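Residue numbers (this note's numbering), protein chains in the order written: chain A, 1 to 270; chain B, 1 to 351.
Treat the hints as calculated values from the structure; they're not laboratory data. None of these values were measured; they are calculated from a predicted model. It cannot be assumed that every hint is accurate.
Unchecked claim - Reference excerpt, derived from the structure (chain A facing chain B, CB under 7 Å, subset only):
{"#": "1", "residue": "M1"}
{"#": "2", "residue": "K6"}
{"#": "3", "residue": "K9"}
{"#": "4", "residue": "G21"}
{"#": "5", "residue": "P29"}
{"#": "6", "residue": "G47"}
{"#": "7", "residue": "A72"}
{"#": "8", "residue": "T76"}
{"#": "9", "residue": "G85"}
{"#": "10", "residue": "P87"}
{"#": "11", "residue": "K239"}
{"#": "12", "residue": "C240"}
Claimed, not checked - Derived EDC-like pairs (lysine to aspartate or glutamate); straight-line CA-CA distance at most 20 Å:
{"#": "13", "chain 1": "B", "residue 1": "K220", "chain 2": "A", "residue 2": "D264"}
{"#": "14", "chain 1": "B", "residue 1": "K208", "chain 2": "B", "residue 2": "E134"}
{"#": "15", "chain 1": "A", "residue 1": "K6", "chain 2": "B", "residue 2": "E134"}
{"#": "16", "chain 1": "A", "residue 1": "K209", "chain 2": "A", "residue 2": "D188"}
{"#": "17", "chain 1": "A", "residue 1": "K6", "chain 2": "B", "residue 2": "E255"}
{"#": "18", "chain 1": "A", "residue 1": "K84", "chain 2": "A", "residue 2": "E66"}
{"#": "19", "chain 1": "B", "residue 1": "K83", "chain 2": "B", "residue 2": "E172"}
{"#": "20", "chain 1": "A", "residue 1": "K9", "chain 2": "B", "residue 2": "D70"}
{"#": "21", "chain 1": "B", "residue 1": "K75", "chain 2": "A", "residue 2": "D30"}
{"#": "22", "chain 1": "A", "residue 1": "K6", "chain 2": "B", "residue 2": "E63"}
{"#": "23", "chain 1": "A", "residue 1": "K83", "chain 2": "A", "residue 2": "E13"}
{"#": "24", "chain 1": "B", "residue 1": "K75", "chain 2": "A", "residue 2": "E13"}
Stated by the list, open to error - Beyond 10 Å from chain B on every Cβ pair, some chain A residues (computed):
{"#": "25", "residue": "P20"}
{"#": "26", "residue": "S24"}
{"#": "27", "residue": "M70"}
{"#": "28", "residue": "K131"}
{"#": "29", "residue": "D188"}
{"#": "30", "residue": "E217"}
{"#": "31", "residue": "G238"}
{"#": "32", "residue": "D260"}
Yeah, the Cβ is synthetic: ideal placement off N, Cα and C, and Gly gets one too.
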Amino acid sequence: MKNIYKPLKSKIENIVHESPGIKSFVLKPDEEFRFDTGQFIELTLPGFGEAAFTPSSSPFEKKRFEVTIMKAGYVTSLFHDIKKGIPVGVRGPYGAGYPVKQFEGKDVLILGGGVGLAPLRSLLLTLVAQKQNYKRIILCYGAKTPSDIIYKDQFKDWEKKGVQILRSVDKPDTSWQETVGVVTVLLDKIKVDTSKAVVAVCGPPVMMKFGTFKLLEIGFKPQSIYLSMERNMSCGVGKCGHCAFGPYFVCKDGPVFTYDQIKDFPDVWL
Amino acid sequence: MHKISSEKFHKVLEQIIKDNETYGAVKKRDEYIYDRLETLSDLEIENYVPTVLPPKKYFYPQEEDLVQIDYKTKKANRVIFKKEIVLLGVRPCDINAISLFDRIMSDGNPDPNYLERRKHITVIGFDCVKSCWEHALCEAVGTINVKEGYDLFFSEYKKEYVIKTGSKKGEELFDRYIKNSHKLSEKERDDYHHERAERIKKFNHKVKYLFQDVSSIFEKHYDDPYWKEIGKICLMCGSCVMVCPTCYCFTMDEEVDLKLQTVTRKRKWDGCMLRDFAMVAGNHNFRPTAEMRLKHRWNRKFNYLLKKYHMSNCVGCGRCGFACLVKINPIDILNTIMGNYYSGVKHESEK
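Just chain A, same shape as in the assembly (with noise of 0.2 Å):
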């Protein structure tokens, strides 16, 4: 029987900083590593604990992936202390990813708020690398500041491969020529046929929640609004009970759900 609970040995090759408190980390497992976007694994810093976090690096790379952290508990401060050559413990890849099969012939917008663009970054890459099947990318994207937007560099090679980019943030500074807002103002801006338009959003709850929101209101239909959840994933293996989510567990049936799976379920937005 797989051992579930023993994690992989991998070291960490790298780290970007990509904004005050948000770090992205290069991992190259002991072994090929292969996930589906939106899959999330569980990562152990031996001796400390371990937390979850989904890869923001394309599933097509198989030696190594990423992962973006920021800090905001335990176990993300002590991965915010580390250097590069660390040798660190994955386990997964955990859940149910996006389906981008289905996506395929459609406008794929993604909405990502923060560090909630991790997880999509893994999703546009995916779609990058065979735009061919969709109709169009859009992105969609907001911050707090100028410099909480993570993956600054990597915008303008996205656009160049076709991706159409919209940014937001809540303050701005001197140089900030795009929009002023929360993220959901962005969706005021663009033009999609939402009967034939998938959504992806990634954010905090509460951006979550509006976004969603908007995003009906908007036309699009609950089975075409991919949410990826936040729960505690602790086990990753539907045993532990602590992202129990209704009926469901978000480590297990998700983190991504459609609306239409999670709409008729109390507390869905907390």
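Got chain A; can you put chain B on it based on the hints?
Just chain B now, with coordinates in the frame of chain A:
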């Protein structure tokens, strides 16, 4: 189905205790606990009341090692604690809980630690001839009857004991310890079932409504005002979770030994009634109030998991009601919420 005399029943138990590392219900001060049996006189048979902790502690210890990691090389090895033991005198409620555990732990991603250890544990059940205490609701939730989860099962019948085997291991035990026994005739069998049904009629029967409708009622009355009421008094101590025979949630912790040589990943009991259970990094809590946690816990018992496993995930032992410092208990929960539903009390979202 066979039966043996009361005298033989006691002799068989004595022999089982002699031959095996056996655990059963033992009186300790005013309460009962599962503990090691040296002789049959240690075991409480007649006056059993539910033990403080269910036998879950042998299948699923409060704390166990899962993985050991060498601190220097970071090489990880699995660890599984197992021991050949016999649990004697497990009651129907706890047997049903074990059977649920077996299904939950083998579902989806099988849990190697539980399943490996489980193979080494023999379960010998005793039927209940009378209600054990006022907190029990086994007859209401349907867990007074056992289908699986045991190896041997003894049920008193006219001062004798009827024996059922529930597994291959049970048949082997039967051949080894019981040998000569009287096979029940069809008439005796019918009479036994009839007598058993008659004695169950004398149990508590405190749940006033038909249990079979519980999950749809819990769904429809998700916002029943009773949750707010008990949410206000709940101390969030987690006692209900810790004594529950079917609660299986856990947390994982890493501990480093003092020599800094080994990291041990441990599994420890955890509970959804505790404050930080659903909390994520950044201190965002997905179930911040006692009301939400109570709703969640009882919906798991009577709604979500009931639907998934087609049986009540509250096995009606009543341990939680007894342990609760403010007397929140499943009998009142069922009676109030089902009562509110039938009497048409509006819940929050309908107001």
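Hints, one by one, checked against the model:
Checking A:M1 against chain B: minimum C-beta separation of about 5 Å stays under 7 Å; hint holds. Checking A:K6 against chain B: minimum C-beta separation of about 5 Å stays under 7 Å; hint holds. With a cut of 7 Å, the hint placing A:K9 at the interface with chain B holds, because the nearest CB-to-CB distance is about 5 Å. A distance limit of 7 Å between C-beta atoms decides the matter here; for A:G21 the minimum to chain B is near 11 Å, and the interface restraint is violated.
The closest approach between the C-beta of A:P29 and any C-beta of chain B is roughly 12 Å, which is over the 7 Å cut-off, so the hint fails. Below 7 Å, beta-carbon pairs count as interface contacts, and A:G47 has one with chain B at about 4 Å; its hint therefore holds. Among the interface hints, the one on A:A72 holds; its C-beta lies about 4 Å from the nearest C-beta in chain B, closer than the 7 Å criterion. Look at A:T76: its Cβ gets to within about 5 Å of chain B, closer than 7 Å, so that hint holds up.
A cut of 7 Å between beta carbons decides the hint on A:G85: the least distance to chain B is about 12 Å, and the hint is violated. Checking A:P87 against chain B by beta carbon gives a least distance of about 4 Å; that is within 7 Å, so the hint holds. Proximity of A:K239 to chain B holds as hinted, the smallest CB-CB distance being about 6 Å (cut-off 7 Å). Given hint, A:C240 at the interface with chain B, holds; its Cβ is 5 Å from that chain's nearest Cβ, closer than 7 Å.
Our distance criterion of 20 Å between C-alpha atoms is met by B:K220 and A:D264, whose separation comes to about 12 Å. The suggested pairing of B:K208 with B:E134 holds, with an alpha-carbon distance near 15 Å, which does not exceed 20 Å. For the hint pairing A:K6 with B:E134, the CA-to-CA distance comes to about 44 Å; that exceeds 20 Å, so the pair is violated. Simply put, A:K209 and A:D188 have alpha-carbon atoms about 17 Å apart, close enough for the 20 Å limit, and the pair holds.
With a C-alpha separation of about 15 Å, the suggested pairing of A:K6 with B:E255 holds against the 20 Å cut-off. For the given pair, A:K84 sits about 13 Å from A:E66 by alpha-carbon distance, which is consistent with the 20 Å threshold. With a C-alpha separation of about 19 Å, the suggested pairing of B:K83 with B:E172 holds against the 20 Å cut-off. Under the criterion of a C-alpha separation no larger than 20 Å, the hint pairing A:K9 with B:D70 is consistent with the structure, at around 11 Å.
Simply put, B:K75 and A:D30 have alpha-carbon atoms about 11 Å apart, close enough for the 20 Å limit, and the pair holds. Among the hinted pairs, A:K6 with B:E63 is consistent with the structure: their alpha-carbon atoms are about 17 Å apart, no more than 20 Å. Restraint check for A:K83 and A:E13: the C-alpha separation of about 9 Å stays at or below 20 Å, so the hint holds. Under the criterion of a C-alpha separation no larger than 20 Å, the hint pairing B:K75 with A:E13 is consistent with the structure, at around 18 Å.
Against chain B, the non-interface label of A:P20 holds: every CB pair exceeds 10 Å, the least being about 15 Å. Residue-level check passed: A:S24 sits 17 Å from the nearest beta carbon of chain B, beyond 10 Å. Distance check on A:M70: its Cβ comes as close as 8 Å (rounded) to a Cβ of chain B, failing to clear the 10 Å threshold; non-interface status is violated. The claim that A:K131 lies off the interface holds: its Cβ sits roughly 34 Å from the closest Cβ of chain B, which is beyond the 10 Å cut-off.
Remark: the non-interface label on A:D188 is consistent with the geometry, its nearest Cβ contact in chain B lying 28 Å away (cut-off 10 Å). Against chain B, the non-interface label of A:E217 holds: every CB pair exceeds 10 Å, the least being about 22 Å. A beta-carbon of chain B is positioned within 10 Å of the beta-carbon of A:G238; the least distance is around 5 Å. The claim that A:D260 lies off the interface holds: its Cβ sits roughly 18 Å from the closest Cβ of chain B, which is beyond the 10 Å cut-off.
In summary, the structure is inconsistent with hints 4, 5, 9, 15, 27, 31 from the numbered list given earlier, while agreeing with the others.
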